[in-house]
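Participant: As a plain string of letters, each chain reads:
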Amino acid sequence: MNLARRVTLSFALSGMLAVEAVAGGFQLNEHGARAMAQAGAFVARASDGSAVFFNPAGLAFQDQISVYGGVTAVIPTVSFYGPLQNNTNAKTQAPNQFFSPINAYVTYPAFERLHVGIGVNNPYGLGSEWPDTWIGRYLTTYVSLHSFYFSPTVSYKITDDLAVGGGFNYVTGSVSLERAVAIPLQAADGDPKVTLDLTGHGYGWNAGALYKITRDISIGASYRSSVKMDASGTASFNPNYAPLDLPAGGVTTSIKLPATAFAGLAWTPAGEKYQIEADYQWIGWSSYNQLAFTFQADGSQVIQPKNYSDTYILRIGGEYALGDFRIRGGYLFDHSPVSTEYVDPILPDANRNGINLGLGYSFSKEFSVDVAYLLLLFNERKAVNTTPTVNFDGTYHTHVSLFGVNLGYSI
Amino acid sequence: MRSIRFAAALAAMLIAALLLGGCKDSTPSGPVAGMGNTTVTKYVAIGNSLTAGYQSGGLFQSGQIYSYPNLIAGQLNLAGASVGSFEMPLYSDPGTPDPKTGKASRYEILSMTGPVIGPAGAPPGAPINLTLARPYDNLGIPGAVIYDFLDTTSFLAKAGPPRNNPLFSLVLRNAVMGKNILEQARALHPDLVTFWLGNNDVLGYATSGGVSPSAPTSSAVFGALYAQALGALRAALPNAKIVVANIPNVTCIPYFTTVGPRVAASLPAGYYLRYQKHGNTSLAFDSTRFTEATPPFITLPGQTYALLIGHPSGKWYRDNGVALPAGIDTTKPFGLHPQNPWPDALMLDADEQAVAAGAVSAFNGIIASQASVNGAAVVDINLFFTGIKANGLLVSGQEFTADYVSGGLFSLDGVHPSSRGQAVVANEFLRVINGKFGTSIPMVDVGTVPGIPSPLAKGAAGLQVDPSLYQTMQDLFGSSR
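Residue numbers (the numbering used here), protein chains in the order written: chain A, 1 to 411; chain B, 1001 to 1481.
Calculated directly from the structure, the hints in this document are not laboratory data. Glycine included, every Cβ here is placed at the ideal spot set by N, Cα and C. Accuracy of the hints is not assured; some may be wrong.
Pulled from the structure, derived: some chain B residues nowhere near chain A, Cβ distances all over 12 angstroms [as the list claims (entries may be wrong)]: (1) P1028; (2) G1084; (3) A1306; (4) A1323; (5) A1368; (6) L1383.
Some chain B residues close to chain A (C-beta under 7 angstroms, calculated; not the full set) [as the list claims (entries may be wrong)]: (7) F1006; (8) A1009; (9) A1017; (10) L1018; (11) G1030; (12) P1031; (13) S1396; (14) G1397; (15) Q1398; (16) G1408; (17) P1442; (18) G1447; (19) I1452; (20) D1466.
Start from the sequences, fold in the hints, and give me the full structure.
Facilitator: In C-alpha cells form, the structure reads like this:
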C-alpha cells in the first residue's frame, strides 16, 4: 500500500505552491496611515515614524522624539467562478476574512546628525479561506501567513539636505496551510484535512537615502534585502485515520521573502498647503529560484521551481492642509507577479488599482491621529490553461477594503 | 469642538469609502449549462460490466447508482435535457451472488491491515427494480461480448453452460420487451445512446493469463460483429446521437500491475521467476529475469500464490481443481524450479501481452472506422487511461492514479472502475458529447462521489487479495463466448 506516500507527495506539491504564492501576493505595503492615505508614495518624504519601513534616511530629518503606531483592518471579498474543467461557471464565495496587521515605531534624535529608531510591523501577513465543501477543497481551504519584522534603524544627516540610513531586520513568521485529501476509501467523517504549520525566522537589512534637491523638491530611494526564512513544522491530519498511516510529521523548508526597492520624487513647495509625491516600487521576485520541502520521516525532498518574475507598483499621492486637517488621497497600480497559468485559489492574484483616501488631524502640538482607507480593485482574473499541478481554470473576482488608523505622539 | 470636527470629517471619509467599496460583483463570462440546439429526452446506455456499474467483483446498488450512465443522466438533467428517471436493474447491497458459495461475490476491505481484501461471506442482495414495465435505460450486462448485442438466444439459456451468466435475465428480463439488447434499446426510442462493448472480447483472455479463452476474439470476427452491431443500431435509431467508447489497453489496469513489482522486488539475487510459457502444456519454461523496472504481469489473484514462491507448493492446482500437468513436481520450490513453475493462468507473459495489445489495437481501429461509417462520436477511453497510467489525473487538486486501491480510480477487483473511476469516465463521455454535439453539460464533481467503503480498522502489513478473484473474473469474462 503506497497510500501514505502518495498522500504525502501530493500534499507536498500543493503545500509548496501555497507557500510560494503566500509569500508573493500576501505582501502588505500599508505600514502607517499617513503614508497609506497617499498610496504609500512616501519614500521621498519619510516624514514620520514609518520612515523605518519606507526610507530610514527620513529619520535624520525628524527632530523630535516620536511614537507612531497603528493598525490596518484588511477585509477581502473574493469569489471564484468555475472550474472550467467541470464545464461550469458556478460561483464560490470565499468566507469573510479579517486581517489586522500592526505597525509601531519609536524614533529618537540621539545626536544632532545621527538619529535612531526602531519599528515593528507585518510586511507579509494575509491569508485566504474557502468553504470546507467547495469544489477546490483539494487545492486549499485555508491559508494564513504572519510575519513580524523588528527593525532597529540609524540615520545620518550628511549635509542639511542629504541623509542616509540603514537598518537591520529580524524576522519571525509562521504559515498555516490546510486542504482536504480525497483518500481513496469512504471515510465516515468525510475527507480528512491535512494541515501544514510552519514557523521560521530570518535576517535582513535595509538602507535608504533622501536628498532635498531644492527647498521644494526631494528625492528618495530605499532598498530592503530579501530574507531567507528557515522554517520547520509539522503536517497533521484531521481526522487522522490511524490505519492509513497518514504521514503526519516534521517538515522543513526555507522560504525566501523577496527584496524590494522604492524610488520617489516629492514636491513640497514651502509656504503652500499641498505636497505631492510619485513613487516606483520594485519587487524582486525573479531572484526566487526554487522551494524545497524535506520530510523528516524519510528524508524525502520535493522541489518546485519558481515561476515568478520581478514586478512593480506605481504610487502617486499627496495631502492638502485645511486648518487642523490634512486631507489626503492617492492612487496605486500593483502589477501581479503571478502569471496566468499559475493562478490558483490559494492566492488569486491579479493586477490591481488602488484608490486611497485619508485624513490627518492634530489634536495638539504633541498628539495627532491619521486615518486612511484603501480600496483595492483587482482586475478580473481569468485562470486559463493552469499548470498540471493546478489544473483549475476559472475566473476570480476580488476587491479588498483596508482601513488604517495611526496615533502619533511627539515631543 | 476639535473632536466634533474630527468626527465629522471621519464620518465623511467613511461614507466616501463605503461608496467606493460597495461595488457590485457581476458574473463573469463562462460556460452556461444547457443543451444548445441538441434535444435529448431519452438516454440509453449499452455495454457490459463497465456500463452496468459492476465493481469490486459484484453488481450492487451502492455501486450501480454511480455507474457512468447514471451520472451522465443526472448531468443531462442539470443541463435541462429532462431525460427523467434513469432506470437500472438495481440489485440491493451487498449485491449479486457467487454461484459456487451462494454468498455475495462482492470484494470488500475486510481489514485495513494488509489490507485484506475478499468477499465478506454475507448473504447476497436481491433485485429491487424487477417490476418496471419497460426496458431499463441502463442495458449494461456484465459479461456481455459484442456478439450478445444482436444475439436472440433465450436469456435464461445464457444462465446455463457454457455462459453460466444469470445477469442477462436480470437486465433484459422478458423477451416481450425485446429479444436482444438492440430491440430493448429501440423500444425506448432514445435520442442519445452510449455504446461501449468489446472489452470482454479481450479481457477474458487477459485476466485468465491467456488461458481461458486461449485467444481474444479474432479481429476478423470482431470486425464483422461490430460492423453488424453498430450498423443495426444506426438503422434502428436513424436520428439518435450515438457515442461509442473504445477499449482500454488491459495493461493499464491494476489487475496486472500490482503484484508483479512486489514479486520482482522480493526475489533473492540470482533467482529467476520460472513460469509456464503460454500455450505449452508440456514442460517448456521461460526464465526471463524480471526487474522492478520491467516486472512480470502477474494477475491480482496471483498475490496469494506469490507468497508461496520458493516453497514446495501445489496450492494453485488444488485451489482451482486443475489436474497437475505432466512433469510438474509440487515438492520442488514453487515459481523457481523448472518442474514447479509459476502457472500460466496467473501471468500475462510477453507473448500474451502482445496478443492482447494487438487485439486492443485492432478492435480500436475497427471501432473508429465503424463509428465514422455510422456517424457516431468516439470516446478514446484507451488514450484517456493510458494517460492516467503514465501521469495520473489531477481533478480539482486531488491526484488520482491507476494504482490498486490507493489510486482511487479502480475498485477492489482491479479491473473495474470504483465509483470515482466511474465519475471520471462519465466526465470523459461528457467532454466528448459537449465537443461533438454543441451542448454545455456540466461535469460531475468527482470529489462528491464516495470512495471505496472500508472498515478503517488497523491491521498487519502485506496486501492480501482472496484468490477466489481468479474464479470471479473467470465467471464474468472467461466463459463469455
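Participant: Are the hints correct? Go through all of them and say.
Facilitator: Each hint tested on the structure:
{"no.": "1", "hint": "P1028", "verdict": "4 angstroms, violated"}
{"no.": "2", "hint": "G1084", "verdict": "22 angstroms, holds"}
{"no.": "3", "hint": "A1306", "verdict": "16 angstroms, holds"}
{"no.": "4", "hint": "A1323", "verdict": "36 angstroms, holds"}
{"no.": "5", "hint": "A1368", "verdict": "25 angstroms, holds"}
{"no.": "6", "hint": "L1383", "verdict": "17 angstroms, holds"}
{"no.": "7", "hint": "F1006", "verdict": "5 angstroms, holds"}
{"no.": "8", "hint": "A1009", "verdict": "5 angstroms, holds"}
{"no.": "9", "hint": "A1017", "verdict": "4 angstroms, holds"}
{"no.": "10", "hint": "L1018", "verdict": "9 angstroms, violated"}
{"no.": "11", "hint": "G1030", "verdict": "3 angstroms, holds"}
{"no.": "12", "hint": "P1031", "verdict": "5 angstroms, holds"}
{"no.": "13", "hint": "S1396", "verdict": "6 angstroms, holds"}
{"no.": "14", "hint": "G1397", "verdict": "3 angstroms, holds"}
{"no.": "15", "hint": "Q1398", "verdict": "4 angstroms, holds"}
{"no.": "16", "hint": "G1408", "verdict": "4 angstroms, holds"}
{"no.": "17", "hint": "P1442", "verdict": "4 angstroms, holds"}
{"no.": "18", "hint": "G1447", "verdict": "5 angstroms, holds"}
{"no.": "19", "hint": "I1452", "verdict": "5 angstroms, holds"}
{"no.": "20", "hint": "D1466", "verdict": "17 angstroms, violated"}
The structure shown violates the earlier hints numbered 1, 10, 20.
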